[in-house]
Each structure stands twice: as C-alpha cells, then as structure tokens.
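J.: Read off the chains here:
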Amino acid sequence: MAIAKILRALALSLVLAFFLFPIVWILLMSFQTNEEILRLPPSTFFRPTLGNYIALISGHLETAAGELDITFLHNLWNSILLSTSSVALALLLGVPAAYAFARFRFRLGEDIAFTMLSFRFAPPLLVLLPLSLYFQDLGLNDTYLGLIWVYQLICLPLILWIVRGYFEDASPDIEYAYRIDGHSWWRAFTRIAVPLAGPGIAAAGLLSFIFAWNNFVFALILASADKQPVTVGALAFVTASGIQYGQIAAAIVLSILPTLALALYAQRWLVEGLSLGAVKG
Amino acid sequence: MFLRRALPYVLSLPALLVCIGILVPFFTAAYYSLQRYNLAMPGSREFVWFGQYLDLLSDPDFWVTVRVSATYAITTVGLELLLGLGIALLLHERTRFNNIVSIALLLPLMTAPAIASLMWKLMTNPNFGVLSWLIAQVGIHDFRWASAPGSAMFTVVLVDIWVYTPFMMVLLLAGLRSLPPQPFEAARLDGVAPHFVFFRITLPMLAPYIVTATLFRLLDSIQQFDIVYAMTQGGPGDSLMLFQVRAYLDFFQYTNVGTSAALMVVLWAITYLLSHVFIKQWLRLRERTHGNS
Amino acid sequence: MSGLAIADIRAQFGRNEVLRGIDLAVAAGETLVLFGPSGAGKTVLLRAIAGLEPGATGRVVIDGEDVSTHGPESRNVGMAFQNFALYPHLSARENIASPLRARGVSAGEIDARVGAIARLLRIAHVLSHPPRALSNGQKQRTALARALIAEPRILLLDDPLRNVDAKLRYEMRLELPRLLRESNAATIYVTQDYREAMALGDRVAVLQNGVIAQCGAADAVYDLPANREVARLFGDPPINLLPCRPQAAAGGIDIEAAGFRLHLGAREEATGKDCLLGLRPETLSLSDHPIAGGVAADIVAITPLHERQVVLTRTAAGEELVVSVAHDVPKAGSHVWLLADPRAALVFEASAGKLIQAPMAIRGCAA
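Chains as they are written, first to last, in the numbering used here: chain A, 3 to 283; chain B, 163 to 455; chain C, 3 to 369.
Derived list of chain A stretches under chain B, where covered just means 3 residues or more per stretch with a C-beta under 8 Å from a C-beta of chain B: (1) 8 to 17; (2) 30 to 44; (3) 110 to 121.
Calculated Cβ distances over 12 Å to all of chain A for the following chain C residues: (4) 39; (5) 113; (6) 130; (7) 196; (8) 210; (9) 270; (10) 300; (11) 306.
Distance windows between CB atoms, simulated: (12) C:57 with A:145: 38 to 48 Å; (13) B:236 with A:238: 29 to 39 Å; (14) A:189 with C:275: 58 to 68 Å; (15) B:261 with C:61: 55 to 65 Å; (16) A:263 with B:183: 29 to 39 Å; (17) B:261 with A:189: 33 to 43 Å; (18) B:449 with C:68: 33 to 43 Å; (19) A:116 with B:347: 35 to 45 Å; (20) B:359 with C:177: 50 to 60 Å; (21) B:265 with C:91: 26 to 36 Å.
These aren't lab readings, by the way, just hints derived from the structure by calculation.
Quick reminder that beta carbons are idealized off the backbone N, C-alpha and C, glycines included.
Excised from the complex, chain A in its bound form:
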C-alpha cells in the first residue's frame, strides 16, 4: 500500500513537472537579462529585471544595431478587440438561435444546428483560402470586420451548443407561466429564459473568448501586421532581428496570461465547453 502511494506521488510529480515546467521556465526567463539567459547551466538564482516588459510596453528597444520599434502592445490590443467583438457578436447571434433550437421543433432546425456544429470540425483552410480571395474583392481583406466575421467559425458553434443545452435544461413551463401572467414573448425571453441560462451563456462566452484569443490561422491568412493578434505577432517577433530572448519570453507571458487567468476563473465550465456541452465537469 505504501509503495503504491509513493509510486502515485512520484507519477503525479512527474506529470506536474512536465506540464507546468515550460510555463514556469518561460516566466522566469521573462525576468532575466540576455546575459543571464545565455548563461549555461541555466541560472536558478538571478536578480529579476522588468526590463523586458518595460521594453515591450514602451515599444522602444535599444539594441546594439540601434533603436527598434516594436508593435507588440498593438498586437495585444488587436487580440483584445478581436476576441471581445467576436464573442459579443457570437452571443448576439448565437443566444437567440440556441433558444430557437432548444424550444421549437421547426423544419430545417436540426439541420442548421448540425451544420453550425460541423464548422467546428471542417478544416479552416478550406474556407480561409477562397475567403482570402473574396475578401480582396469585398474590401474586407485586412479589416477587423472581416476577421470578426470569420472568428464566428470558432465562437458560434461553441455558444450555440452550450447555451442550447442550458435552455433545454430549464423547464419551458417557467416561460409559459410568465407569458400567461401577461408578458410578451420578448419579455419572457429576456426576463426569464436568458437569466435562467445565464451561467451557460457566461461560460460559453468565456470559453469562446479563450478560443478566439488562441486562434492563429485566421489572422495569419487574413490580416496584415497592423491587425494581427498576439498569436501571429509573437511569431513574427522571433524572426525579427535584434529582438532579445527575454523580450520574446515576456511577450509569451503577456500573450498567455489573459487566457490562463480566464481559464482558472472559468475552470468549473471548462469540461463542458471543451466537449461542446456534451459532458459536465
């Protein structure tokens, strides 16, 4: 029994080490100067510096080759703008549709719902490549609007199917009772149905925010440097000359911090979101 316990503890330690070490190491790296980073063996004790973050946030970089402007903060802003707007739009479109699929049996209803689900599993490039040509014609190429539209591919299926589950779990009688009280359909929807599905809507919103934030390929294809979110921006960073490793690490930390924080906050709903509402945690 004791051996089993020790083995279990050992296994868990290994697991934790493997999955958390990269995050910890990058975090440490972001507080080191270039010299400390390049020192081998890696330094466990060092005087932490905020220099990397300051450089990123000020946007000015003093290097041996001269002064360099970096737009990382702009990428961060793009990420915030794109994710927030996409989720807002997806909620606006998805919540009423989820309600329709949950409450009404109507012709084509299930077909539409499953078509939207299938978007989650279609290869994104299949849509993106022709879209990049269309967008040029439509003038949507390299616009926030075009990106937000395409981001619906990630956000809509998620919101639709999670929120639908919450609407289905609430008894329709509660809304009927409200209608009979003399309230219009719209009031029953906004005062009863939506508040009761509130936790589900919040969960779906948070999760689609995380997935929108983490998306890479949409912006890679449809956005120029000016509109790119952190995922694409950080990659461009690596290849830019003169940028120091500590600053890359700091950029990584800033890029993943929002989603990790949201994930910890929303962990109760993560399982449900990851399974598109099929499994509850």
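Got chain A sorted already, so can you dock chains B and C onto it with the hints?
T.: Below, chains B and C alone, put in the same frame as chain A:
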C-alpha cells in the same frame, strides 16, 4: 399565428446568414479544386474536372502528406489517450489536492498552440535552451530537435502532447467521476483483482467517453496547423508536411490555388466521415448529460 | 355567455392525435374537473386553452370573445402548473406580483394585493424568500397565488396537488373550493385522483384517448361511468370486473358471475353477449356468516384506506374480488360471504367496453 410559426426562423436567421457567408467559400473551394488555377499564371486557368485529384494520386508529395498526417494524428492521439487516461486514473478521487492538480494541468490546453510552439522553440534552442542543456547532461549532444529531419516529428509530437493531453485528461476524468459507484463497490466486496476491475468494469463503462474524446482529438489532430507551422513551417524538407501546412504553402508560396483546394477537399472528406461517427457518439453523451428534456 | 367555451380543439404531435375534437363549456364561478389517465391529453388541452400550444386548432371563447388567435399574454388566464413553474431567480413576492406587473398596476396596489392574497394563503411570512427556500406546500401556494392574483376570467389548474404531501393535499382539498368560488373564474381543474374530482368538481369531464368520454356531475360519473375504462379509473379501490353472459329474464336480464346471481332490470340488449359485470367495492357487503344469495369467499388481505377497510377476497372458484367496508372485518384467512347490490351493478360490453343501457342518458358538456 404566422408570427408564431416564423419566430424560430427569425431567431436563427442571423446566425444562419453568417454561416451561409461561410458556406459560400466552401463551395468555391470545391469549384477551384476542379480547375488548374495558379494565381501567378492567370492565363493558364482551365477547368479540368477531377484532373487535380488524379494528379494528387500519382504525386509522391501527396503520399508524403498522407503518411506524415497519419503518423502525426495516430501518434499524438494514441499517446495522449494513454497519458490522459493514466493521469485521470491518478486523479480519480475527488480530493482537494487532486482538484487543484487537475486545474493546474489545464493550463497548457489554454495556451495558444502557436505560442506553445514558441515556448518549446525557446526551450529547445541549441544555444541556451534548457532542454538542450538537460539532454546534454545525460550525454546526448547535438540533438537538434525540430531542425533535424530525424527528430522534427518527435519534437512537434511532444508539443502536441504537452498542449492536448489535458484535453483527454479532463474529459476522461469527468467520465470517470460520473460513473455509478455500485459496480465498483460490488467488485470490492467480491474481492475482484484491481486489473480485472480496470479491464472488465472501468474501461467498458468509460468507453463512450474514450471514444468521444479520441474522435474529437483525431479530428483536430489530422488538421493540425498551428503547432507545426509555428515550429518549422512544415520542414525540415517535407518531414512535417501535414495537409493544412502543405495546402497553405501551395497557396501562398506557389500561388497554386487549384492543388491547394484539391488537397483541402480531400482533407475535408476525411474529416467529414470522421465527424459523422463522432457526432453520433457525442450526441449519445450529450443526451446522458442533459436527460431527455 | 360569461365563462369559457371551447369548440373542436384538436392537437396532433407528428402522427399522434392527442386531442380529437374537444368541446366544453364552463360557466363563470364553476369548477370543471378534467379527469383522465396520464397521457390522455389533459395538460395539452389546458395549454391549448391558455394559448401555449401553437399546433392546436379549434375555437376558444372567453366571456363571449373569440381569443383563438390571441397569444397567451392577452387571454386573461391564470394557470397553476403541476411542477409549480415558479421563477427561480425571483422572490416569492415577485413571483406573485408578476401578473400585476404585466398589467401595469401601481407599486402600492401591488404591495397591498400581494399582501392580501399571501395572508389568505398563509405564505405572508415567506414572501421575501426565493422559491428554492420554500417547502413544497409553500411553493404550491405561491403558484396558486400567482394564478389567482390578477383575478383572471379563466383559471387552469394542472394537477396542483400532485407534488405535495398527503396532509397538505387533504387541507387544500378543503380550502380550494372556497378560494375557487370567491375567484368567480371559470375553472378547469386537472387531476388523476378521483377523490379530488369528487371533492372539487361541480362537474367532471373524463378525457380519454383525446375525446371527452363522459361529462357530468361527479356522482353521475361514479354511478354510471360511460365505459369500462372510466369505471376503472374513477373509483378507488378500482371496480371489480367479472366476465359474464347475461340471459334474458322477465323485464330484464339474469347474470351469473363468480357465484353471484343477479337479476337486473332493462338492458335486454346485453342478452347472450360477452359482457363484464362491474361491482364497485363499496357496493359489496361482507358478512362473517352465511347469508341468502351470498357468495362464499376467503379473506386474502386487508388494507386500511381512508377510514375504510379494503378487503381482498377469493371465491371458491378462484375469482378475486375487492370489497371496501366501513366496519371491522374478520382477520385474513377467515371465511366470509359476499353480497352484491343489483341496483348498483353495472354491465359493460366485453369488447368495446361501453356501458349497457344506463337508465338515464349520459349528458355531454358542450355549450
């Protein structure tokens, strides 16, 4: 009366319109795939029916893509399933400590895959990468991780495992914890051996979760783009030419719209078949979770 | 006419016809009990009346106004749901106030009216609680208060006592008739419990397979059920049904079943047909000594039910008969004699189950 019948359509119409906007490019892609179409040579554009597909079949590069994609998908999903199941079993009991661990393990999954690649790129940097230094300590020098054809696949698979094992873990953990306790209690009363309990009770009861999670991951893994593109852009050589990576390069580097579209349609056909099986499983789980309301 | 009239209400789910042309009329201040087995379509009918069943067709007339095309919010209906359907995110007070808020009643008047009905229903002390903090009885009263507060013309009560405990059900059975009378609404009260139907209904309509099988005073339904199913459902313990083949006799028929020999007046059409003799457990008498015309039987089991003894007996021929008596009975295993009252005996066709030749015609309930 009319309004009441129209209501569901009114509610789902906006979402539907957005989707139609996305369906159009899908059909365009299918249409492109029937053409010889290179953006750099607009004059040579012609309709060739299934010519592109026939060309693909005889193109050794295509078969490299099929082989690389299959290797990638099967290796990652297989290893992630084993690891995820193992970790889920370790964390099965609902203790405070286990809950904290399971939440902590979710962090890699919440990291953008492209950024995760970047992190591992830094860690495997030949000059200062901590992993390069670590394996040098155990006597492996000049291991070149993603930049050598021999170890590139190993490296991206490692990143994929780091990012996506938590996905398997949480789904299987949720499944394990939702199993009814009676069969396990009965088995313990009967003094059934632990491995027997695992293979005859746990695994069969967990099967719906395993199948759903595996198909889900398989669907994503066969389309993997972010990790590989961010790590090596498909190289070195064509050692990591997954479907989407090759289609991306065909399109943007060689402006070959036709081949790129054909490649995507093939991938779509594969995922479509897979997603059919998946959705059936997924619906079954969903029904169990939401009852028959 | 003031009250509710519905005509030719039909509802169909896929191929399943749930309601096949329902006509009913309920006067203001009257309570009609809608009785029927589960799945008969009682709830669907209520929802159709309230305007909640978009698939339902037919006419709904409230106080002379055809509201068939109106939405549920403009029919001036009050409804209590089987599962209470309280708004979980609102306090009991706001739950009850909801119909008044929809009608734009002033805040002061809302307070006064909610307070008054809460005192009447003895829930004034829990008005600030959310529904999850209420007991089942308090939930049920809150739902009832919400249905009543706006003084609707039509009151639809969907088995409101289904989910409350026996004691409360007993209390409410005593209280409800007064409440309903005072509300002066036309009330449809759905139940599966025949005692509730007897206690509350001015009239009873039995819904069976999507049609009204019978409609009339509660006693009439009990005494002369339209068919075997109604007889079986409307009564507790259920009626004894014995196969028989009546023979012609002077002025009526002779029936021999399970040892009973009964002479019944009229009903000659039953002669020579396969029939079922229906004997209500309450109409059988039981004696511990031989009596003329009595059928010998053994007591198998005894269960007390509502101050009566329900006795399961088995005749020498092996027929099992349930007898319900108000007096004490010998213990199980004793030998007893059973006597049937020919005036209370019912005869049904064996195949169709229809009651044969009731002395009075069975009335309908349409307008």
